[in-house]
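Trainee: Chains A and B, in that order, are what the protein sequence lines are.
If you're matching positions, the first sequence starts at 1 in my numbering and goes up one per residue.
If you're matching positions, the second sequence starts at 1 in my numbering and goes up one per residue.
Hint data in this document are derived by calculation from the structure and do not stem from the laboratory.
A couple of the hints might just be wrong.
Example chain B residues on the side facing chain A (calculated, C-beta under 10 Å, incomplete) [to be verified]: (1) 31; (2) 55; (3) 56; (4) 57; (5) 99; (6) 118; (7) 122; (8) 124; (9) 127; (10) 154; (11) 155; (12) 167; (13) 169; (14) 213; (15) 469.
Keeping only pairs whose Cα atoms sit at most 27 Å apart, straight-line, the calculated BS3-like set for lysine-lysine is [what the hints assert, rightly or not]: (16) B:448 to B:492; (17) B:184 to B:324; (18) B:311 to A:383; (19) A:152 to A:451; (20) B:108 to A:240; (21) B:201 to B:6; (22) B:277 to A:380; (23) B:6 to A:240; (24) B:357 to B:411; (25) A:359 to B:91; (26) B:108 to A:383; (27) B:408 to B:389; (28) A:258 to A:286; (29) B:448 to B:476; (30) A:240 to B:91; (31) B:201 to B:277; (32) B:30 to A:380; (33) A:269 to A:64; (34) A:286 to A:269; (35) B:430 to B:492; (36) B:91 to B:201; (37) B:79 to B:430; (38) A:269 to A:398.
In this text the structure is predicted, and so the values were computed from the model without any measurement.
We put the CB at the ideal spot given by N, CA and C, even for glycine.
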Amino acid sequence: MSNLTSLTLKAALTGLADKSFSSVELTQAHIEAVAAAKPLNAYVLETPDKALDMAAASDARRAKGQAGALDGAPLGIKDLFCTEGVRTTACSNILGNFVPTYESTITANLWRDGAVMLGKLNLDEFAMGSSNETSAFGPVVNPWRAQGSDAKLTPGGSSGGSATAVAADLCLGATATDTGGSIRQPAAFTGTVGIKPTYGRCSRWGVVAFASSLDQAGPIAKTVEDAAILLKSMSGHDAKDSTSLDIAVPDFPAFVGKSVKGLRIGIPKEYRVDGMPAEIEQLWEKGIAWLKDAGCEIVEVSLPHTKYALPAYYIVAPAEASSNLARYDGMRYGLRVEGANLTETYENTRAAGFGTEVKRRIMIGTYVLSAGYYDAYYVKALKVRRRIADDFDQAFQKVDALLTPTAPSAAFALGENADDPVAMYLNDIFTVTVNLAGLPGMSIPAGVDHKGLPLGLQLIGKALDEGTLFSLGGAIEKAADFRAKPSRWW
Amino acid sequence: MTDTSKQIEGRTGPWEIVLGLEIHAQVASKAKLFSGAAVGFGAGPNEQVSLVDAAMPGMLPVINRFCVEQAVKTGLGLKAQINLRSSFDRKNYFYPDLPQGYQISQFKDPVVGEGEVIVEHDDGSTFTVRIERLHLEQDAGKSLHDQDPNATYVDLNRAGTALMEIVSKPDMRSSAEAAAYVKKVRTILVYLGTCDGDMEKGNLRADVNVSVCRPGAYEKFRETGDFSHLGTRCEIKNVNSYRYIQQAIEYEARRQIEILEDGGSITQETRLFDPTKLETRSMRSKEEAHDYRYFPDPDLLPLILDPAWVKRIEESLPELPDAKKARLQTQYGLSAYDAGVLITEQARADFFEEAAKGRDAKLTSNWVTNELAARLTAAGQDIGDSPLKPADIAEMVQLIEEDVISSKIAKDVFDRMWAGEGGARAIVEKQGLQQVSDTGALEAMIDKLIAANPGQAAAVKEKPQAIGWFVGQLMKETGGKANPGTVNQLLKAKLGID
Numbered sequence: 001m002s003n004l005t006s007l008t009l010k011a012a013l014t015g016l017a018d019k020s021f022s023s024v025e026l027t028q029a030h031i032e033a034v035a036a037a038k039p040l041n042a043y044v045l046e047t048p049d050k051a052l053d054m055a056a057a058s059d060a061r062r063a064k065g066q067a068g069a070l071d072g073a074p075l076g077i078k079d080l081f082c083t084e085g086v087r088t089t090a091c092s093n094i095l096g097n098f099v100p101t102y103e104s105t106i107t108a109n110l111w112r113d114g115a116v117m118l119g120k121l122n123l124d125e126f127a128m129g130s131s132n133e134t135s136a137f138g139p140v141v142n143p144w145r146a147q148g149s150d151a152k153l154t155p156g157g158s159s160g161g162s163a164t165a166v167a168a169d170l171c172l173g174a175t176a177t178d179t180g181g182s183i184r185q186p187a188a189f190t191g192t193v194g195i196k197p198t199y200g201r202c203s204r205w206g207v208v209a210f211a212s213s214l215d216q217a218g219p220i221a222k223t224v225e226d227a228a229i230l231l232k233s234m235s236g237h238d239a240k241d242s243t244s245l246d247i248a249v250p251d252f253p254a255f256v257g258k259s260v261k262g263l264r265i266g267i268p269k270e271y272r273v274d275g276m277p278a279e280i281e282q283l284w285e286k287g288i289a290w291l292k293d294a295g296c297e298i299v300e301v302s303l304p305h306t307k308y309a310l311p312a313y314y315i316v317a318p319a320e321a322s323s324n325l326a327r328y329d330g331m332r333y334g335l336r337v338e339g340a341n342l343t344e345t346y347e348n349t350r351a352a353g354f355g356t357e358v359k360r361r362i363m364i365g366t367y368v369l370s371a372g373y374y375d376a377y378y379v380k381a382l383k384v385r386r387r388i389a390d391d392f393d394q395a396f397q398k399v400d401a402l403l404t405p406t407a408p409s410a411a412f413a414l415g416e417n418a419d420d421p422v423a424m425y426l427n428d429i430f431t432v433t434v435n436l437a438g439l440p441g442m443s444i445p446a447g448v449d450h451k452g453l454p455l456g457l458q459l460i461g462k463a464l465d466e467g468t469l470f471s472l473g474g475a476i477e478k479a480a481d482f483r484a485k486p487s488r489w490w
Numbered sequence: 001m002t003d004t005s006k007q008i009e010g011r012t013g014p015w016e017i018v019l020g021l022e023i024h025a026q027v028a029s030k031a032k033l034f035s036g037a038a039v040g041f042g043a044g045p046n047e048q049v050s051l052v053d054a055a056m057p058g059m060l061p062v063i064n065r066f067c068v069e070q071a072v073k074t075g076l077g078l079k080a081q082i083n084l085r086s087s088f089d090r091k092n093y094f095y096p097d098l099p100q101g102y103q104i105s106q107f108k109d110p111v112v113g114e115g116e117v118i119v120e121h122d123d124g125s126t127f128t129v130r131i132e133r134l135h136l137e138q139d140a141g142k143s144l145h146d147q148d149p150n151a152t153y154v155d156l157n158r159a160g161t162a163l164m165e166i167v168s169k170p171d172m173r174s175s176a177e178a179a180a181y182v183k184k185v186r187t188i189l190v191y192l193g194t195c196d197g198d199m200e201k202g203n204l205r206a207d208v209n210v211s212v213c214r215p216g217a218y219e220k221f222r223e224t225g226d227f228s229h230l231g232t233r234c235e236i237k238n239v240n241s242y243r244y245i246q247q248a249i250e251y252e253a254r255r256q257i258e259i260l261e262d263g264g265s266i267t268q269e270t271r272l273f274d275p276t277k278l279e280t281r282s283m284r285s286k287e288e289a290h291d292y293r294y295f296p297d298p299d300l301l302p303l304i305l306d307p308a309w310v311k312r313i314e315e316s317l318p319e320l321p322d323a324k325k326a327r328l329q330t331q332y333g334l335s336a337y338d339a340g341v342l343i344t345e346q347a348r349a350d351f352f353e354e355a356a357k358g359r360d361a362k363l364t365s366n367w368v369t370n371e372l373a374a375r376l377t378a379a380g381q382d383i384g385d386s387p388l389k390p391a392d393i394a395e396m397v398q399l400i401e402e403d404v405i406s407s408k409i410a411k412d413v414f415d416r417m418w419a420g421e422g423g424a425r426a427i428v429e430k431q432g433l434q435q436v437s438d439t440g441a442l443e444a445m446i447d448k449l450i451a452a453n454p455g456q457a458a459a460v461k462e463k464p465q466a467i468g469w470f471v472g473q474l475m476k477e478t479g480g481k482a483n484p485g486t487v488n489q490l491l492k493a494k495l496g497i498d
């Protein structure tokens with residue numbers, strides 16, 4: 001069967017259950033697609049032998065009637081998740097050829113449910129970036145191209161590899177992480193679905209840390225239903241992560257397709273930012289109309305501290321990162337560049353091991369935590385963070401979910417913002433608030449711009465109310481009827 | 001009132017010392033503070049290191065509930081406030097024995113707040129040291145600089161082990177007071193079972209803050225709480241014996257006084273004590289001090305304690321040294337000094353109480369704190385391992401009480417017991433060590449003695465003290481078993497003196 005890779009996860013699972021094809025066949029098709037997609041640079045490590053072994057084991061389980069929820073489904077894993085015996089780099093030179101002796105809780109959950117690993121996916125170094133250009137393995141290329149152009153576009157970041165792999169049918173779904181928008185913005189740029197669940201829904205154990213109080217894993221998938229299936233497997237309490245929530249995991253797929261009639265949808269007025277392209281504005285209006293048609297009530301709400309979110313985020317996240325990345329010191333694993341003494345060895349190792357963006361954030365973070373600056377920056381940012389969470393609390397007194405654009409533009413060209421970190425940071429303007437407040441946020445492909453590039457809408461839910469997001473996401477998906485696919489140019 | 005006994009005379013007049021201590025006590029726990037790795041002495045290098053301790057990518061800390069319980073227990077033992085909400089912060093600095101690049105500690109909101117410790121001086125009088133706070137933190141690993149001339153080896157077994165840092169207010173005024181305070185805190189921790197108190201292994205060590213000031217300044221500080229009345233302090237790091245604590249303080253105070261009297265000023269700095277040269281030397285000045293960039297650890301939630309849980313811990317506390325001392329005094333009629341000696345070790349007090357059942361308490365206390373303690377010390381044994389049990393001492397004390405043996409003979413009996421010759425009663429019978437109180441036999445001996453030594457008998461009538469010669473002769477004749485009271489009584493009657 002030639003187009004096994006174009007199946008949705010749900011369709012593939014049905015096919016596997018029907019014995020229409022085996023996991024080995026399905027996996028083999030994906031291995032070939034991955035091998036043929038080198039120009040996209042989505043995978044930094046392919047594990048075809050492991051994939052086929054896992055697929056064969058899955059077929060054996062299925063033959064015995066012991067198939068799990070994801071049994072036999074080939075997935076891609078963002079290279080921020082530690083995988084036992086498989087090189088894990090966070091796409092940084094400082095980790096070099098680090099091979100963990102342990103498996104992250106989330107990937108362990110996926111393997112428990114029978115999933116198959118195709119390999120490790122590219123990302124911005126330590127998940128710091130919005131274009132996947134900071135990766136030590138080079139940028140991922142978006143499978144989408146503007147009409148009439150061969151220019152290479154960014155898939156967004158940091159989960160650029162995950163988004164591209166899903167959009168280009170190089171896996172049935174992928175793990176990703178989101179600290180300030182790293183699931184949702186790449187999903188929007190590639191016409192895929194991405195959800196960042198409530199902080200604490202997915203265990204952070206075994207995921208290389210960027211900013212601990214903001215990091216949260218989630219899936220990037222082809223459809224809302226696929227995202228629900230994946231998130232259900234990934235979620236769950238983990239005693240090894242003190243911030244993991246000890247709360248039962250709802251049956252997320254059951255929410256997809258549920259009526260959204262009577263739900264109240266908030267439209268935050270502060271998200272109408274200056275200079276937002278008209279197309280984004282129009283798409284947003286379309287989204288509002290779709291939900292209205294589906295029986296939702298539309299309510300304008302105010303999130304007055306939104307304008308402070310990005311600056312606060314770029315204090316809190318680098319502060320935590322500067323401390324989280326201190327462990328990469330060349331002493332126990334990863335890169336080590338010797339110097340004449342200890343201090344020089346630290347300096348040489350970290351100078352050689354970290355890229356420019358990571359260094360920038362370590363320096364910002366170190367600065368804002370320094371004596372004399374701590375109160376003016378870090379403490380103030382925490383106060384802003386509290387206000388932003390309060391804004392959402394207020395809004396959710398009145399509404400069930402919020403609808404916003406995911407990103408202020410469609411995918412831009414690789415290199416376009418490379419010299420302007422602030423312009424790059426503005427990509428996260430609609431997404432960081434959700435991380436600061438720990439809420440669930442989902443991006444759904446909703447249309448294309450005048451150049452034929454995908455655009456996404458973001459749904460923001462109450463804490464632990466991913467279910468409502470899946471219902472609303474399903475409604476938007478149905479109304480938008482987004483069927484565009486990138487042409488296979490690679 | 002200025003207590004002049006604590007003053008140090010300088011060239012320009014008297015000075016006083018002000019001391020505050022930070023005691024680092026390793027929490028008695030089978031597992032580390034955040035990793036679940038085992039804690040134990042004697043494991044090979046890096047054998048007790050988990051993925052979390054080695055700070056592998058993606059590893060996260062999870063608080064060890066037992067260590068929190070130990071800290072709360074200690075706080076209660078220090079009569080301190082238990083903070084039902086506390087939190088953990090990261091203290092950031094680079095060092096090879098600190099794999100995370102930060103130490104998890106409690107900077108802003110410690111689990112235990114203010115408390116106090118009553119400390120005994122050598123003469124039995126007491127003074128109070130106020131506790132500022134107690135917090136939980138991770139210990140670092142060990143850097144070994146002496147294994148190779150060109151390399152430093154790192155042993156992470158200790159990395160992540162739970163420490164309690166107990167911070168006092170500047171309430172100690174002499175090196176002896178500082179040592180007595182550490183001794184008392186150690187006793188309390190050992191009673192509570194929250195730290196083994198082993199200073200040789202570094203499981204209990206102190207950072208000593210030393211400053212000097214002119215008489216009267218300290219009192220002003222205590223009245224106002226204004227530290228500017230005190231001198232600039234230097235912190236002497238990681239001192240791990242009572243003797244070193246005293247030596248370091250004495251050297252440091254002298255050093256500071258000399259600088260001040262020469263017209264200089266003290267630089268706030270961290271210093272190290274060198275026990276071979278008996279001096280302190282600068283480690284780093286305030287300017288060179290690290291900026292630790294403390295901030296709340298985002299991997300850990302605030303530590304919220306259930307008041308009922310704290311109450312249960314409080315109710316399960318053992319009898320603490322101060323209470324035990326008071327009870328030994330009232331229940332057994334012991335002096336403050338004797339009770340104080342007994343309670344320095346819980347096992348010693350327990351031994352005493354077991355031995356003293358139905359016996360003369362003062363006599364029992366003397367045997368436990370003098371003869372037995374000396375033997376155990378000489379043998380390098382703890383009272384818990386004592387070959388002589390409370391019942392053995394009680395049996396011997398009973399023989400003394402019943403006048404079967406004298407205290408002098410008892411020493412011989414004790415030696416034989418220690419040598420493993422059996423119980424006191426059996427030894428006395430076997431060796432025929434019973435006192436001779438049989439007046440008939442003694443009278444016959446006395447008559448014979450007087451008859452044989454008429455000159456001596458006459459002399460005693462002139463000079464009654466000379467009776468001692470007769471006593472000595474009789475003791476010699478009976479092998480020391482004559483009851484001295486009976487002998488004296490009979491001699492006086494026979495020799496006609498009173």
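Trainee: Broken hints, numbered, in rising order?
Mentor: 1, 6, 7, 8, 9, 11, 12, 13, 14, 15, 18, 21, 22, 23, 32, 33, 35 and 37
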